[in-house]
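S.K.: Both chains are sitting in their own frames, so use the hints and assemble them into the complex.
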Amino acid sequence: MVEMSKSHFSLPRLSLRFIPIWRRHFLVWRKVAATSILGHLADPIIYLLGLGYGLGSLLPELGGTSYMVFLAAGTVCYGTMNSASFEALYSGFSRMHEQRTWDAILNTPVTLDDVVLAEILWAASKSLLSGMAVLLVIWLLGLSHSPLTLWLIPLALLVGLCFASVGLIMTALAPGYDFFMYYFTLVITPMMLLCGVFFPVAQLPPAWQTVSAILPLSHAVDIARPLMNGALPPDVLLHVGVLSGYAMFGFYMSMVLFRRRLSK
Amino acid sequence: MTVALFAKNLYKSYAGQAVVDNVSLAIRKGECFGLLGPNGAGKTTTLRLMLGLIAPDSGELSLLGHTVPQHAREARLRVGVVPQMDNLDPDFTVAENLLVYGRYFGLGDAAIEARLPELLEFANLAQKRDVKIPTLSGGMKRRLTLARALVNAPDIIFLDEPTTGLDPQARHLIWQRLRELTAQGKTLLLTTHFMDEAERLCHRLAILDHGRIVAQDSPHGLIAKHIEPQVVEVFGEGVALWAQEHAAHYAKRFEVSGETAFCYVGDAQPLLAHLQGYGALRYLYRPANLEDVFLKLTGRELRE
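Sequences listed follow chains B and Z, in order.
Sequential numbering of the first sequence, starting at 1, is according to my numbering.
Sequential numbering of the second sequence, starting at 1001, is according to my numbering.
Extracted from the complex, chain Z is given alone in its bound form (with noise of 0.2 Å):
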């Protein structure tokens, strides 16, 4: 078996609205697979779904051999998952959240204690082994919840916006530890919304808007695939009359969002040898990214 999640025209209406529309997907095993989707795409619902934790209303779904949600259970025996709200049991220190939480798995203490040693050193909590919860930051509290995803030795672990709410070194950490569980073979599904965090970690990734998968790639593919290659983002006072007499001359492709003008393009030497000249004007130019494939397909507007 090669496929370790497998998704056909997985449907889900709450009050007559689609919340997951049609999404298809295969989930190799041992890739890092990424769910990326503004507020309310319905990437929480779609994880809901893969776990059995919801009927869809249609659709086929197969979670490491288990047609879910009807064997949901065999196959929750082998996921590991991070939830994006942390629902660590705050009456308990470090170990004992571990402990409790292998037991649902059926194991035994003597096993999960045998694990211990082990699960703390990966979220590097060996010292706060019998603290308690609350005293814990946001960042500790995170590694902990995917050291408690890992306590049932997982073949693959969901994770549902791992690091949203974390300082910078405590995602780096984060994002360090996932590479090490893809290295070790195990297969990951995470949802985002950090375009550099679905960049730097996944090898392929699905986009989703209003419920519906509108790209599926790997980060250079959807870049190669949906934009120029070049963007330089124009900025300064008086940036929209520049775009509207000048923009169209030089770009395939901009987009004017507040005071920035966006500008896609093949080739950036024309445009930036102009900008040399337009001194009111500053500029910025970078390689196209992710962030700029998912605005392209996703809209600029507000989701709330």
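One chain only, chain B, in its complex shape (with noise of 0.2 Å):
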């Protein structure tokens, strides 16, 4: 056990020298971006395709809009969440404790509190993409024309941000990779049902609806539902607030976490 002591509740502290470390990480996925693209291109055709057409044959239209359309929507969300989360949690714990990558960025003139925030600018990034990704299949697949939906780019970065934050909370904690099974399986998929990516939130019971009000992933799927059908998404600050939220959140909380890990 470590002792918590007064220096790990300090602020963040954030500076420029984040941009170096965000660049190895590119680098390294540089490598891999063709698989990568190509995953990031395939994994909402598949969902689309197959729920969308499939499931989307049984049922009837959901406010207007078919339930490919529906989905769609969802799956910027889910899809951005996951990448983020995928990104922060086992990627980022492999550079924290089995490849070392922190030690050797931690002996520059580096601080911990940069490479806490390049890990979640870096898998932010990698929302982007995949948000960017499924916005191009709505578009090929002739989804959405609304020129709106364009406003899903941010919105997968916020969703990156905040995913990749409360996500890093996990890594932070973890005395391995087995650890983020819980995560995955008690946080992230009840998530994805609980929170209207497949089904409209006012199909479950009260109780679990308030539940899913003060998930972030239901403020996102919010936000990018009427983007897909060309409105303008009401309570969009709100929405924007609490995504923003829980990024500061998990910003701070795994730094508190990370520099009590690291200070041994």
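Treat the hints loosely; a few may be bogus.
As the list claims (entries may be wrong) - Derived lysine to any residue pairs resembling SDA-like cross-links, with alpha carbons at most 20 Å apart:
#: 1; chain 1: B; residue 1: 31; chain 2: Z; residue 2: 1095
#: 2; chain 1: B; residue 1: 264; chain 2: Z; residue 2: 1059
#: 3; chain 1: B; residue 1: 264; chain 2: B; residue 2: 9
#: 4; chain 1: B; residue 1: 6; chain 2: Z; residue 2: 1014
#: 5; chain 1: Z; residue 1: 1132; chain 2: B; residue 2: 28
#: 6; chain 1: B; residue 1: 264; chain 2: B; residue 2: 7
#: 7; chain 1: B; residue 1: 6; chain 2: Z; residue 2: 1071
#: 8; chain 1: Z; residue 1: 1252; chain 2: Z; residue 2: 1233
As the list claims (entries may be wrong) - Beyond 12 Å from chain B on every Cβ pair, some chain Z residues (computed):
#: 9; residue: 1083
#: 10; residue: 1088
#: 11; residue: 1120
#: 12; residue: 1149
Quick caveat, the hints were computed from the structure, so don't treat them as lab data.
Fair warning: this is a prediction, and the values are worked out from it, not measured in the lab.
We treat Cβ as the ideally placed atom computed from N, Cα and C, and that holds for glycine.
M.R.: Next up, the structure:
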């Protein structure tokens, strides 16, 4: 057990020194870019076509749109959530613990705050990429023609920041890779089912609707779905606020926990 | 400024257990200073404190004129580090590892590229420039790690057990490189538990045990101060009995460890004459070395 010290709780000090670290992650990614992009494109296509056509043909229109369009809005959100989460948990843990990349970086004039910020921004960059891939699929399948769908790009970045930051809390606590199973099984998967990705939240029992309302993914879906239909999302400031709030909370908490973990 | 690193009464504890206990030392510019100690003596923690990666509970620390940990970042601009465990980027080539690492120091790509040939030459890796890390041998990885520590042309280089796990050929090459660095005027701080390494490379040494410095001097100074000049190692069947009966008569100090009696003597001749007439035992006669000092000061029991 490592004691907590007061210095662990200070606010993150931000600087531009995260840039070379971000570039390092980017250079690693570039070597597998083709496979990665293919995955980002194939995944939503398979889901949209499989679930959209298969399930969609059994369903009535939802809120005046086809099930495909309904699902596409959800896919943008959970796809970006997954990208950031996998990057922050598995790849982040590998860099911190397995490959000891962080140790190497921390011996240079870079601080842990810079390293953690770079992790978050990198994971969010992966989300951005994933979001743009889904958007491309949406356009190619003709699921939306609204220019408002361009707003899905900054949304993907915000969702990425949110889930990268929250995910890093788990990375900071993890004794090993197996630990992440809890997070994916108990947090990510239920969120996918509770936040209106596959069916409207209104279908849930009222108590679960309340739970859904405090989960970040719901707020992402609430922004994405109207955009698909060419409408401005109501309460957009609230939704952006909640997602940003989770991002800031996650950044701070993970920062405190990483400081504690690496103070040995 | 003639002092590269200055530490006074450094103290760090974990869960009430002192890991670094009142360590004070001053490392002069251009010297190779060794931190010797058994496993768990606090060597790595001491290095981490000096780099400002962890904060001491108390004590003063200054590295290249910067107060640490408050200004550790400014200090680390001029420091190179060879960590105990290899943490090269396995996805990158040899050259990419150096390039990416140089960027962390705020160096531009062109400046790093310009240094690459020299660094690769130094590491004997010019032929391996575009090879990926997993295909390198242990010795090559260590040399690359050393080259990586030089990417920012540091004034002081920290080396945490730089030759652990290497075969003799690879160790000798690392030693040669470290001597070249000292010849260039670089300051080196290295931890090791190889006595021959410390004796060959270091101008001065501190022996660390249970977080405390138990002795500090040049290798020769330590040997002269702490131990008799000659050692006769006696071994073979019945050595314990022999030691019980005769050792005290010939040696100022002796220790029996397993099948060997270590006899520390000022003048070995009487003991050697005795042993020559004592057929059952074999012996080895040698000058005292750093390992004898180390074992005397830190004991022979196993540290795990």
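S.K.: Say whether it holds or is violated: residue 1120 of chain Z keeps its Cβ farther than 12 Å from all Cβ of chain B.
M.R.: About 19 Å separates residue 1120 of chain Z from the closest Cβ of chain B, which puts it past 12 Å; holds.
S.K.: Please confirm whether residue 1149 of chain Z is truly not at the interface, meaning its C-beta sits more than 12 Å away from all C-beta atoms of chain B.
M.R.: violated, 8 Å
S.K.: Is residue 6 of chain B close enough to residue 1014 of chain Z, meaning Cα to Cα at most 20 Å?
M.R.: holds, 15 Å
S.K.: For the pair supplied as a hint, residue 264 of chain B and residue 1059 of chain Z, confirm whether the alpha-carbon distance does not exceed 20 Å.
M.R.: holds, 18 Å
S.K.: For the pair supplied as a hint, residue 1252 of chain Z and residue 1233 of chain Z, confirm whether the alpha-carbon distance does not exceed 20 Å.
M.R.: holds, 14 Å
S.K.: Taking C-beta pairs only, is residue 1088 of chain Z more than 12 Å away from all of chain B?
M.R.: Its Cβ does come within 12 Å of chain B, the nearest being 8 Å, so this is violated.
S.K.: Assess, step by step, whether the Cα of residue 6 of chain B is no farther than 20 Å from the Cα of residue 1071 of chain Z, and give holds or violated.
M.R.: Holds: residue 6 of chain B and residue 1071 of chain Z sit about 19 Å apart, inside 20 Å.
S.K.: Check whether the Cα positions of residue 1132 of chain Z and residue 28 of chain B lie no farther apart than 20 Å.
M.R.: holds, 12 Å
S.K.: Please verify whether residue 264 of chain B and residue 9 of chain B have alpha carbons no more than 20 Å apart.
M.R.: This hinted pair holds, its Cα atoms lying about 16 Å apart.
S.K.: Hey, residue 264 of chain B versus residue 7 of chain B, does the alpha-carbon distance stay inside 20 Å?
M.R.: Measuring from Cα to Cα gives roughly 14 Å; hence the hint holds.
S.K.: Can we trust that residue 1083 of chain Z is non-interface, i.e. its beta-carbon lies farther than 12 Å from all of chain B?
M.R.: About 6 Å separates residue 1083 of chain Z from the closest Cβ of chain B, which leaves it inside 12 Å; violated.
S.K.: Given the hint that residue 31 of chain B pairs with residue 1095 of chain Z, does the C-alpha gap stay at or below 20 Å?
M.R.: holds, 15 Å
Hint violations for this structure: numbers 9, 10 and 12, all remaining hints satisfied.
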